[in-house]
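Chemist: Position chains B and C relative to chain A; hints supplied.
So you can see what is in the structure, the chains are spelled out below.
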Amino acid sequence: MPARTDVRRRLTLTLTGFGALTVIVMLLAPLVGSTSISLSRVFDRSIPFSDNVDAQVFFVARLPRVIAAALVGAGFALSGVVFQGLLRNPLASPDTLGVAAGATLGAMLALTAHADFTIFGIGVVPLTSFAGTIGALAIVMAIAFARRRGTSSTVLLLAGIAIGALLAAAGRFIQYFADVTDTFKTVQWLMGSLDVGSYAPIVASLVPFGIACAGFVTLPRVLDLISLGDAAAEARGVDVVRMERIALVSASLSTGAAVSLGGPVYFVGIIVPHIVRLIVGADHRLVLPASALFGASFLIVCDLIARTIVAPVEMPVGIITAIIGGPFFLWLLFRGR
Amino acid sequence: MLEARNVAFGYTRGSRILDDVSVSIAPGSVVGLIGPNGSGKTTLLRLLNGTLTPLAGRVSLDGAALSTMRRLEVAKRIAVVPQETQVTFDFTVLEIVLMGRYAHLGAFAIEGPDDVAIARKAMASTGTAPLESRQFATLSGGEKQRVVIASAIAQSSGILLLDEPTTALDIGYQFEIASLLSSLNRERKTTMVVSTHDLNLAAMLCSELVLLKAGRVLAVGPTKDVLTTGNIRRLYDVDADVVFHPRAGHLTVVPVARAD
Amino acid sequence: MAAVSRQIGLRAKGLGLILGLALSLQPSALFAQARRIISIIPSTTEMLFAMGAGDRVIAIGTYDKYPPEAQKLPRVGALVDPNVEQILQMRPDLVVVYGTQTELERRLERANIPYYSYSHQGLPDIFSTMRSLGMRVGMAAQGEALAARLERQLAAIRARVANRPRPKTLLVMGREPGALRNIYASGGVGFLHDMLEAAGGTDALADIQRQSVDVSNEMVLARAPDVIIELRYTDEAINRADLDVWNRVSAVPAVKNHRVIVLTGDQFVVPGPRVADAVAKMAAAIHPEVGW
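Chains as they are written, first to last, in this note's numbering: chain A, 1 to 337; chain B, 1001 to 1260; chain C, 2001 to 2292.
Treat the hints as calculated values from the structure; they're not laboratory data.
Relax, there's no trap hidden among the hints.
Cβ pair distances, simulated, as ranges: (1) B/S1067 - A/A214: 28 to 34 angstroms; (2) C/N2112 - A/A138: 55 to 61 angstroms; (3) B/D1090 - A/F43: 46 to 52 angstroms; (4) B/Y1011 - A/Y199: 49 to 55 angstroms; (5) B/A1065 - A/T154: 29 to 35 angstroms; (6) A/V187 - C/P2067: 27 to 33 angstroms; (7) C/R2106 - A/I161: 37 to 43 angstroms; (8) A/L278 - B/A1109: 24 to 30 angstroms; (9) B/T1138 - A/T154: 24 to 30 angstroms; (10) C/R2106 - A/F117: 45 to 51 angstroms; (11) A/I161 - B/D1090: 23 to 29 angstroms; (12) C/L2243 - B/A1109: 54 to 60 angstroms.
Some but not every residue of chain A turned toward chain B, in silico, with C-beta under 10 angstroms: (13) D6; (14) L11; (15) P90; (16) D224; (17) L225; (18) A235; (19) G237; (20) M243; (21) D283; (22) H284.
Away from chain A, derived, C-beta distances all over 12 angstroms, residues of chain C: (23) R2035; (24) A2145; (25) E2197.
The beta carbon of each residue, even a glycine, is placed where N, CA and C say it ideally should be.
This is chain A alone, in the form it adopts within the complex (with noise of 0.2 angstroms):
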């Protein structure tokens, strides 16, 4: 890295090395698998694509995979950033403040309701997890902005842990009253899938990812005086309490649409910034985009692991991204800066 004064060269050079990374992991990850495809069948025009197995295998069962790892991964890493720098916390994750609790129970309630409508091609549980995080979103912004003068991010930090346990009481009372197939599915959902299958929850979940960007790009700078303290950012000029919820409605948006999509990993979201303060610094201008394109690249290779390195059979992703992430992470600490 150059010396740490000019941030323009450095900025130039994180996205340069972070975003190769992410663009040859997405290049070459449809192409492992646990099956063993041939590259000229899967573009081979003369074969209708309703019997192209190899075609179907490339895109229906990998290529959406991919991208959806990227999105998830990258949303994730975002809104763990986000998270904490708000809560000035290093620990914060995209679980913290309750929203996601809000994605499990909306998600428990359709797999226990037996709902199982579709609409534009997305299933109900990737629909009721994001209208759960929006709701629980809602609660704790009414009650952590309720006050004129905006927030400390302890009443935050509280307010989204109380709404947080309350939805996950309200998700065990479900559970009483759901028969053991439904507790299984949750399970199984609760360990996390990147198998979509079809580009239709992808598409959908752009939006969400849309908005939750435009709020990001505001944030890097922000987020580097918010960690310094809510009064002093203030006396640099932040305004504070209009810049923490566009900070909370993003990381939010960023999370329900990543556990939409891919199901509550959220480990990628602690350390994923983590590992790109180590190589990058901590100013959020290089954390945040680099963090991105990382946890689009990490979660990505995770998956590939999880679907190749016990084949036939399959390891949830979650279990992955532990086993990788803890030890990379304990590697990069000790080797020194």
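Modeler: Just chains B and C now, with coordinates in the frame of chain A:
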């Protein structure tokens, strides 16, 4: 000229932290805010930099009401040094100082060589230039405060509001910061408002004092006129001797007994 | 094929007799007729009613949905939440419990109430349980008759599909509704797998040797099953749109040839007297050409 005229403030209806407070901060002066805990010193500072809006009265900078000015405009002219700075993430000293340039750059511009030069000059003024690449979190208390002061100078060389800048420091660092503030005022003509518990620091640094008790101004004026045994008794219920110390070159306050 | 199934039947009978003898050697009640039976397990409840001991059952479990005559009985919990107080209060002379409910078993022992410990792995265990349970409640002959009748029915089904080619079948036990996600299917062991084999199909995931396997889209395409059977356990109406999700993997033979079949009913999750009916339904789905 930074001025507060008849300002009042309270967080909840019915209770007022400050009532009918007026202070005038002349350019180039060092004004001390003295008062017991809960007298409203921090609130007054936050009113003076526009972070809080008064319920009554008006705070103005060179005639223009702060409430009519844009946040970033105010920040370019008034900077704050808080009592303590806790950093959550591993910023370097230079990164902390450069944050002071936010008011001039906004959310999207990236600091250029000019901004870095200004930051370095500010660090030189505070004797923190050698610490540039150090992690802020690893510095001593005195070093941290000097860096924060440098950050404030990088933000605005006009007016500095300092909220109990030496309260968290030991006597060595207290002296260090006090000397630094003195020389900044002398060399850069930086206007300062210093809220403090330390009466001796106030006596050393401030040409003028504002005494606050229970949200109201008890006394205001030149230090030698206002820092009296009587006023100290009224403020703190403490019997103290106020004596000019020839070697130190300023008034000193020695508490002797409780006066109740 | 028929010879093999007869052998399995004989072995099960032998196992049943031995089990029955072993279990019946409990301090109280040696072959005495149990008159106040509590069963918290759906399959044993059905077995007891099917062998004619229904009038002696005084309480059933939360999830026991069959037979209709049992529905009016009080419910005392199930695997995770047995209502021990209520069970003790009713003063049964036999409680049928899951083998894993060690805490419940301890409390019954302390109260000096005999219990029958139930566990099952595969299809043969159903018959051995019928026999040993029958013996335990003092209705050995009826238990034997029930088991024998079912074994004959199964043998008949096996015979009918014996000479047919066995299609590769993906037996889906559940998935996320409205999507091809979180699919879990039979993986070569367990009683659902045994039923599939009896019905004349080959488990598409037989080599994995697990009761339940998480199946991804890629796996379905790679395994290329000829038949896909989806099991649903409640009597809700099937949503056609929900089944259309399989069209995403149209290269799978089962999808291309319109051989994705949904079977509903809880007999697929209750390894009891209705197992023959369940196997018959599976066989009809896998071998419609035989004529049922």
